[in-house]
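S.K.: Residue-level listing of the chains:
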Amino acid sequence: MSLSVDPWIWIGALFSLAIFSFLYKDNPFYRVAEHVFVGAANGYAVTFYWHNVLVPALFNPLFRQGQLLFIIPFVIGILYFTRFIPKIGWLLRIPIGIYIGYYVGASIPAYIQAFIIKQVQGTILTPQNFASWSAGSWGILWSVILFAGVLCTLSYFYFSKEHKGVLGATSRIGTIFIMIGFGAAFGYTVMARVSLLIGRLQFLLGDWLGIIR
Amino acid sequence: MKIIDKLAKIDRRIIYLILAVVVILPMIFPSVLRVRVMPPVEKLFHAVDNVPKEKALIIDFDYAPQTAPELEPMGFALLRHAFRKRTKVLILSLYVQMLGLAQNALTEVIEEFNSVAETNTDSIIYGRDYVFLGWVPPPIIPILGMGESITNVYQVDYYGNRTDTLPLMKEIKNYNNVGLLVSLSGSDPPEWWIAYAQNRFGLQVGAGVTAVSASKYFSYYQTGQFSGLMVGMKGAAEYEEMIEKELAIKSRRIASEALPPLTYAHLVIMVFIVIGNISFLMQRRKK
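Quick note, the sequences are listed as chains A and B, same order.
Each residue of the first sequence is one higher than the one before, starting from 1 at the first, in this note's numbering.
Each residue of the second sequence is one higher than the one before, starting from 1001 at the first, in this note's numbering.
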């Protein structure tokens, strides 16, 4: 065992223990650690934005190099703050409109192509899709299960007709696929959370206490 | 029956304590678990391995402290792989908070290589072998902009150097000169790279994701939109296994060391789930 002499390791370790103390019950140590974390993260982001975005990308070109075109984004950006002045608060809609317009224009075609068309293509029963499972001839079976699973799950979300007869049967099968999906997601969530615990314990037992290498 | 009743009312803090013991003991008394490499990781390894010499590998370090235990070992393994193969590497982050962790991984891996390098050619040199592009907001701007010109989007690198003066950036102009991008993230960035960079510019994309988001991302692997995929601590351990087996890279395997406690913790949680369900059914029957 070789205890760390690095003060930053000690700070990290003590804050980790303060956060872990919430598992016993809420307490002042936990609250202090939580507030310090939120404050430090926000302070870091704000200063980084200032020094790496606003100053080099806006203030320097506009005020030092005299590039007057930059006054347009500067004014549009300033309009965000009009929400604090009720009389002219409506001006806020201009930057929000520009922002949403840009994102919607860029996203809709990209998302339809990448997340709808490509995903639908992935369910079609083709030799390429059979091969994508890397499972030899079993790939055909997995593709058929995937195909059936997608159709049955979609039928579960079809609410314009009562779930009786064929629709009732497919939607019940769809429910089974959904439950399997939830189970897999839960299993992965457990894995993720335990991994985080292991990561912190590697730090506490290794970097701080020196019990493990 | 009494035992079942008691187990149903067990204090959650006792469960936390048992879990802590189950995780800590295998860390103090380590054992070795064989890592079986699954096809998604194997494909990612080969995708990285096959990046042509004249093209670059981009690694998008988008993990924060809360996802670092799962994703940081992936970053280390990818950097070791790329530097061993002498692949040109560009590093970037789509979020500001991740830059420090990316720098951390770079410093450690480069130190490993340069400490055993005998000549300038063997060494990993900034500007020649890799460039840390840093961060430009918002994410969609660099993702789309790099398709036209990387140095236009990242005019200065993380350290403040003008990127157009760096030798590596004279060869790597845009996505045409990029063989593969690997996004290490616990949230949406891998999807953005597919939607904007792959869709529009045909960029090959791989991903390393947290286990929580695995079920979402497997569908992109199945459709071939991801060239390969690492999932959680297990995925990182598999990649560590690949680089040790295929490239004889001997370094600390952080993710592989975590597998025994991870396995035992899973077993304990499964036991608790079974006990919880049995006691629930027994109590319902009593009513």
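Read the hints as simulated data drawn from the structure, not as lab findings.
Watch out, some of these pointers could steer you wrong.
[Claimed, not checked] So these bits of chain B aren't anywhere near chain A, every CB distance computed over 12 Å:
1. D1049
2. V1136
3. A1248
4. V1274
[Said to hold, decoys possible] Covered by chain A, per the in silico footprint, the following chain B stretches (three or more residues, Cβ under 8 Å):
5. 1022-1032
6. 1123-1129
7. 1188-1198
8. 1226-1234
No residue lacks a Cβ here, since even glycine has one placed at the ideal position from N, Cα and C.
S.K.: Hint by hint, say whether it matches the structure.
M.R.: Against the structure, the hints come out as follows:
1. The non-interface label for D1049/B is consistent with chain A: the shortest C-beta to C-beta separation is roughly 17 Å, beyond 12 Å.
2. The claim that V1136/B lies off the interface is violated: its Cβ sits roughly 8 Å from the closest Cβ of chain A, which falls inside the 12 Å cut-off.
3. Residue-level check passed: A1248/B sits 21 Å from the nearest beta carbon of chain A, beyond 12 Å.
4. The beta carbon of V1274/B sits about 14 Å from the closest Cβ of chain A, which is more than 12 Å, so the claim that it is off the interface holds.
5. Against chain A, the stretch 1022-1032 of chain B contributes 5 residues with a C-beta closer than 8 Å to a partner C-beta. That satisfies the three-residue criterion, and the hint holds.
6. Under the rule that three or more residues need a Cβ within less than 8 Å of chain A, the assignment of the stretch 1123-1129 of chain B is violated, with 0 such residues.
7. Only residues whose beta carbon comes within less than 8 Å of a beta carbon in chain A count, and the stretch 1188-1198 of chain B has 5; three or more means the coverage holds.
8. Given a C-beta distance limit of less than 8 Å, the hint that chain A covers the stretch 1226-1234 of chain B holds, as 4 residues qualify and 3 suffice.
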